[in-house]
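Asks: Residues per chain, in single letters:
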Amino acid sequence: MRLVHYVNQFYAGLGGEDAADLGPRVLAGATGPGRLLQQLLGADHQIVATVVCGDNYAASDPSVSAELLGMARAEGAELLIAGPAFGSGRYGLVCARLVAAAQAAGLPAVASMHPDNPGIGEAGAAPVVAAGAVARQMRPTLERLAAAVAKLATGAPLTAADGRVGAAARIGRLVEDRAAKRAVELVVARLAGDRDATEVPVGGFDVVVPAAPVDKAAAAAVALVTEGAVVPFGNPDRLESARATRWLRYPIEGLDGLASGTWESVAGGFATTHANADPNRLLPLDATRELEREGAIGRLHGEFFSTVGNGTTVATAKRFGVEWAAALRKAGVQAAILTAT
Amino acid sequence: MTALRRVVHEVHSVEFGPATGYHEHHLTVGREQVESLFADPALGAVRPRLASPGESIRIITPLDVVEPRSKGRGGGVFPGFLAPVNRKRGLDTHVLRGAAVLAAGYLPRNQEGLIDMSGPAAQLSPFSRTHNVVIEFDPAEGAPLLEAEQAVRRGLLRLAVALADAAVGSAPDAVEELAAPHRPGTPTGGLPRVGVITNLQTQGAFKDVFVYGASMAGSLPTLFDPAEIEDGAVVAGQYGHPALRNPTYLHQNHPVIAELRARDGHDLHFAGVVLCPEPVEQAGKEHVSAHAAWLCQAAGFDAAIVTKEGAGNADNDLGMKVDALEAAGLTAVALYAEMSGPDGTGPPLVAGPRRGAVVSTGNYDQRLTLPAVERALGGTRLRIIDAEATAAIEVPVAMILGGLSPLGAGRLTCRAEPPAVDLEEVA
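Which chain is which? The protein sequence lines are A and B, in order. Residues 1 to 341 in the numbering used here are what the first sequence lists, from first letter to last. Residues 1001 to 1427 in the numbering used here are what the second sequence lists, from first letter to last.
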């Protein structure tokens, strides 16, 4: 079978963070981890081409996945492989989007990443097989991936036995007993010694380790980002007031503050009266401009990002975070102030 | 704490008439009486409507829902609002079971929700199964909306009492004896002492819950008499996330208290109720969690079921409380709605406990397709999805009032399928 492999700029050997803005390109045959993957796959399957893109370029714009998919198809792909992305957020996001786009277009595809990769939710119903957390686990990860590719090539669906992760959908259903009764039964079961009984897995929450302080704040480019749903008055782009599916960017170059009546918050989760009387209190443009004039920061980035946190899923919020980080890195920004509500 | 007798009068049908009355399961609502009970300088027009189970009616932008209850001529329900707190507790409380009064309309911070009286959403809201007196209203011109909101609440409580008053002289369908919780130190014959902690939202105007007529914001957790909750000591005034609200009706019929009573003496002893605020600051959440765990220990609980109201903030309160209880050696179970995205593949909890156990009340993001209806009450347009109120619509469960009831009133849950892979072998 003809395989096309997607890797990022780093695994293609084109450079690290300095090359993360590289646009999409195609390399002939297998490259980087693709070489060992090809060995493990044997003679039945050929990696005919490797599609490559810089992480910032690919992660900051969801439409790039269609472009990457088009390149893979142009190489005659019969099956698409993406990754392994291990725990890397931007790379994982792109791999997940790419296999989702491929599957939606009828091209079999599989991605490889760690189960905690923040991009994993974007794969939707497309298969993802587990990778280790870091690249040191390359060989066992590729062994698992090669076995999954060989199975997928036969047309068989991938299951948990193949190391499939991320797609164990939790499906809502009506049951006989109301939740209050089930809670009492659960308490009684736990008191009787069944300490593992639960309807939802407990624990496993991310602990976000703060990044190191900015080296020289006076030289840093700083961006303002918010989940407080700050938008131009009248909400021309129709940002949701709850359960966001997207985020928006607005220019603030030449503005010293956000005037009431020109900007507003459309957030549904808190009383917006005070925020709308002075939108600077939600997105502190006035104070940040002062810091810029005083030289306390290098420069304020020329646009801000906005979405609404109210009722937004963890999976979606993680994706926004990865996209924001990619877009800000691409713009040469070193620090961001995230105002939350 | 107090014993209470619930004197139940079932309502099987409802209509408007010249005067309020109750006869053989039929409730007549006097229109003029409704108008006089809602008379208030902060309110303009008040339009009572009716909606019964099975009708092709959608109630949009619902606010609070109240079960009609009365203690007879001397009054006594809704202490802090309609009755003094310092009165004789317990005794008989008449209940119009199967009826509800509710308000519907625009108010700030009222996240738009709906109740369908028929169709697929009808099995998700507790208020699709009640005969509802729906109050549409206009705030008086120039009246502050907070005053309009307070006037609507007073009107709803008065109407709930007036309707139940009509049944006080009728022979009841059932009389239910509700014993007080067992005091600490009472011999249990080896059964565990299990109580419930109910967190109440305390986020200011339009997002507050009232205990004896006042917000619980700034309070410490307190042990509370469940007989007083039956009599309306807890009144809702918060209008966030429709599916994650606890309307007054569900406090009056607190599902976890009911289920604990149902098992009392069989495999547990009902140990009591603790009410808690949901502070908006981290330090407050920590104080309240620590104090709640201490209070449950002091009250001799072996285990507690913990409930919340709302999402985000409330999820943190719930998780911290469960962790604090378990750290103190109690067994804890929390009720959470999941937020795993429309396809159910995202992480189910935004913030949750690190130990203990969780019951799922369903997935906030799961999509429902609802057919068009003949009539809508409460408004003409669902702005949040930009649709006519009567139209066929696709909505998340999040919009169904009480659809993910944090007090455990609903029968939704979520199950993983296929089973998740064993991650140990990946490391």
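Read the hints as simulated data drawn from the structure, not as lab findings. Using N, Cα and C, we set each Cβ at its ideal position, and we do this for glycine too. Warning: the hint list may mix true and false statements.
If you want a taste of the chain A side facing chain B, the calculated C-beta under 10 Å gives, among others [said to hold, decoys possible]:
1) A179
2) R195
3) D196
4) V208
Among the chain B residues that face chain A by a calculated CB cut under 10 Å, a handful are [as the list claims (entries may be wrong)]:
5) R1005
6) G1346
7) L1412
Per the computed footprint, the stretches of chain B lying under chain A, defined by three or more beta-carbons under 8 Å from a beta-carbon of chain A, are [said to hold, decoys possible]:
8) 1200-1213
9) 1361-1375
Asks: If any of the earlier hints don't hold here, list their numbers in rising order.
Replies: 4 and 5
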